[in-house]
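S.K.: The chain contents come next:
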Amino acid sequence: MDLTFSDSDLSFRKEVVSFLDNEYPTDIKEKQDKRIPLEKEEIIRWQKILHNKGWFAINWPTEFSGYKELSVTEKYILQEELAKANTPTTIPFGMGMCAPVIYSFGTEDQKEKHLPSILNSDIWWCQGYSEPGSGSDLASLKTKAELVDDKYIVNGTKTWTTLAQHADWIFCLVRTETTPIKQEGISFLLIDMSTPGIEVKPIITIDGSHEVNMVYLDNVEVPKENLIGEEGQGWNIAKFLLAHERSGIAGIAALKRELKRLKELSSEIPLGEGSLLEDSQFRSKIEETEIELTATEFTELRTLAAMSQGGSPGAESSILKIKGTELQQTISELFVEMLGYYAHPFYLENEIGSNETVGPDYAAPVMPHYLNYRKVSIYGGSNEIQRNVISKAILGL
Amino acid sequence: MDFTFNEEQTMIQDQVEQFIQKEYDWETRQELSNSDLGFGANNWKIFAELGWLGIAISEDNGGFGGSSIETMLIMEEFGKGLVVEPFLETIVMSSGLLDQYGTDEQKSEVIGSVISGEMHLALAYAEPQSRFNLSDVVTEAKVDGRNFVINGFKSVVMNGPSANKFIISARTSGKQLDKKGISLFLVDSDVTGLTRTDYKTVDGRKASDLNLENVSVPSESLIGSLDEGFNILDESIDRSILAISAEAVGAMEVLYKTTVEYTKTREQFGTPIGKFQVLQHRMVDMFMEYEQCKSLLYMATMKNEEGAPDAKKAISGLKYQVGKAGKFVGQQAVQLHGGMGVTDELNVGHYFKRLTTIGTIFGNADFHLKQYTSL
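So the sequence lines, in the order shown, correspond to chains A and B.
Heads up, the first sequence is in the numbering used here, so the first residue is 1 and it goes up one at a time.
Heads up, the second sequence is in the numbering used here, so the first residue is 1 and it goes up one at a time.
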């Protein structure tokens with residue numbers, strides 16, 4: 001047992017800090033600090049900066065990324081410093097989700113075609129999993145892909161597709177066969193979003209933002225070589241993907257930053273003759289959250305340590321998903337509570353950061369964030385489903 | 001002990017219920033909320049014609065002399081329809097206060113026009129530093145000959161954009177947190193020196209921030225006695241807590257029922273999700289929270305009506321429960337609706353948003369727990 005960082009870890013941290021001092025663009029930083037939503041171009045610009053330093057696709061095998069391998073501790077330090085500086089969250093669909101599938105199951109041609117453009121952030125991906133009738137029960141999906149000569153003809157509807165309005169490609173789970181066991185007829189297909197027959201319609205969420213979409217596929221022709229792995233292997237690939245990307249799943253580093261910010265801001269909110277932070281009720285909520293956050297951080301570290309010694313990650317990721325999302329929601333709720341009445345004035349995305357807002361200058365994005373984050377206990381396998389996973393896989397119930 | 005309503009009360013309840021069912025479908029509500037005015041001018045006329053606007057005003061002043069039971073019934077039905085018309089702001093928060101404490105001149109100038117639906121009011125009590133403390137008042141009114149000159153700032157004044165007159169709390173003596181030394185003024189919205197910043201609020205309603213710079217009002221604008229405005233304000237906020245809690249109870253009823261219906265029809269894993277025990281228990285908890293709120297609502301409303309010595313404590317207990325339950329019921333209704341729950345299209349998210357603001361308005365759960373302890 002040892003909680004201290006080695007000298008080389010400490011010097012790595014210095015390297016990250018000085019990289020951020022020099023390379024984090026001030027225009028992006030300013031928007032991030034004001035919680036103004038970024039444009040696609042700004043996210044791409046930042047991802048390219050990270051990539052040039054070899055700190056973007058840090059979980060890829062180095063043969064595909066061309067990076068210098070980072071240790072588990074270095075990855076932890078990197079993520080912590082990136083979050084501390086409030087750098088933009090990288091978009092996971094290409095780099096974190098589709099790419100691991102391609103380098104694990106794809107052909108040489110597929111790797112050569114897709115990996116470099118993902119690494120460079122030149123091609124944006126979105127994820128075609130959920131359907132209107134298939135949420136928690138993902139395997140019941142109905143989008144059909146029929147092989148006619150050398151093409152699949154795809155018909156169906158995908159929903160909750162994040163950032164589909166900006167995406168160049170979509171990776172989809174499709175049904176290639178009707179089988180008695182529904183999981184066995186599912187395949188993993190890559191589709192170019194510019195193919196005729198694809199229509200993207202926005203879904204506006206309760207925070208007034210346009211983040212998710214419906215994607216309609218009407219006789220979309222997809223070349224046979226866009227199939228990943230074998231027909232019917234899609235469900236196993238999807239399961240691999242769910243178990244694969246666990247590093248940072250709980251978003252601990254960002255939560256630590258937000259909790260610290262909450263303390264700072266609430267110490268500036270007057271309450272009678274003191275501050276809100278000095279109020280015993282508010283204070284104890286912050287401290288309870290901090291304890292839960294520390295516990296989750298060390299649960300994650302234990303999981304990562306076990307993995308680095310060859311342990312296979314299992315249902316532990318479900319613990320991190322549940323605890324991480326609960327913390328995200330609690331902290332977003334405490335921000336709302338902190339603001340009192342000034343959480344109520346409501347502005348749309350494009351108004352946030354303008355001079356027209358009232359109340360403290362950080363107030364406008366707080367309520368939309370709280371509302372938007374009701375999604376985190378629903379998406380990526382709802383927290384009810386995650387508890388089912390734990391009860392079955394860990395407790396053996 | 002009797003929890004039944006009398007004939008007149010039942011009639012009002014039915015009338016409001018029918019109005020919501022016939023005239024206030026979801027699309028209409030959204031259209032009204034998104035309009036420039038933010039509510040239905042025609043609906044307001046209907047409220048006036050049906051006598052709802054004067055229901056709780058004393059007969060001496062031209063009202064119907066009803067009790068807070070009638071207000072409770074109206075607000076509960078409004079909660080079910082997620083009504084955006086500013087009944088709470090103009091009627092409950094403001095005109096009730098004038099009915100009791102206004103001068104004859106103020107009453108004749110205002111109350112008749114309010115009952116007939118021609119005038120809107122707003123109560124400006126919160127300030128940037130005050131949070132939920134009604135006696136934390138920095139805005140200042142100084143005597144200047146026959147006039148008062150008001151300087152200061154009022155935050156998140158609900159119904160501000162539509163108000164013809166504001167009731168403004170200002171300090172006429174004492175220190176920032178003193179209860180004594182606060183006075184209330186009836187001020188025209190177009191008075192020189194008053195600048196409004198209007199905005200939408202997250203619950204689909206409208207509010208304003210008010211900047212007051214050398215606003216000069218005649219001494220007849222004072223409501224009640226000089227320096228003694230706190231109790232008037234406090235009583236009005238207590239009535240408003242009862243009203244907004246009734247609204248919350250109505251909203252919670254819709255949410256738990258809608259969620260139960262949804263889980264009966266939404267199928268996953270080949271079965272309606274309402275068959276899963278974990279969700280059944282969650283919905284039972286939502287239902288029980290609603291029932292508990294309703295119980296405290298009835299209790300506190302009756303205590304306040306009777307003028308019971310522990311009425312204030314009962315009201316804080318109610319608001320605490322409404323804050324806690326409203327959050328739980330709202331969040332779980334969204335959760336159990338899955339992705340649909342976070343869409344703007346479905347009404348569930350909008351009920352959740354209103355319950356969220358209700359949780360804060362007039363003091364959140366923490367604030368009222370503390371009040372409860374101190375009383």
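Hints are computed from structural coordinates only; laboratory data are not their basis.
Warning: the hint list may mix true and false statements.
[What the hints assert, rightly or not] Below are the DSBU-like pairs computed for lysine-lysine, each with C-alpha atoms no more than 35 angstroms apart in a straight line:
1. B/K179 with B/K22
2. B/K275 with A/K256
3. B/K107 with B/K275
4. B/K275 with B/K324
5. A/K256 with B/K200
6. B/K294 with A/K34
7. A/K142 with A/K84
8. B/K324 with B/K313
9. A/K111 with A/K68
10. B/K257 with A/K392
11. B/K107 with A/K34
12. A/K263 with B/K257
13. A/K182 with B/K257
14. A/K29 with A/K182
15. B/K294 with A/K285
16. A/K113 with A/K256
17. A/K201 with A/K260
18. A/K285 with B/K107
19. A/K31 with B/K327
20. B/K275 with A/K29
[What the hints assert, rightly or not] Under 8 angstroms between C-beta atoms, here's a sample of chain B residues computed to sit facing chain A:
21. R131
22. L134
23. P272
24. K353
Quantities reported herein were computed from a predicted structural model and do not represent experimental measurements.
Even glycine gets a Cβ: it sits at the ideal position worked out from N, Cα and C.
S.K.: Hint by hint, where does the structure go against what was stated? Just the numbers, ascending.
M.R.: As far as the earlier hints go, 1, 2, 3, 6, 7, 11, 12, 14, 16, 17, 18, 20, 22, 23 are violated by this structure, in ascending order.
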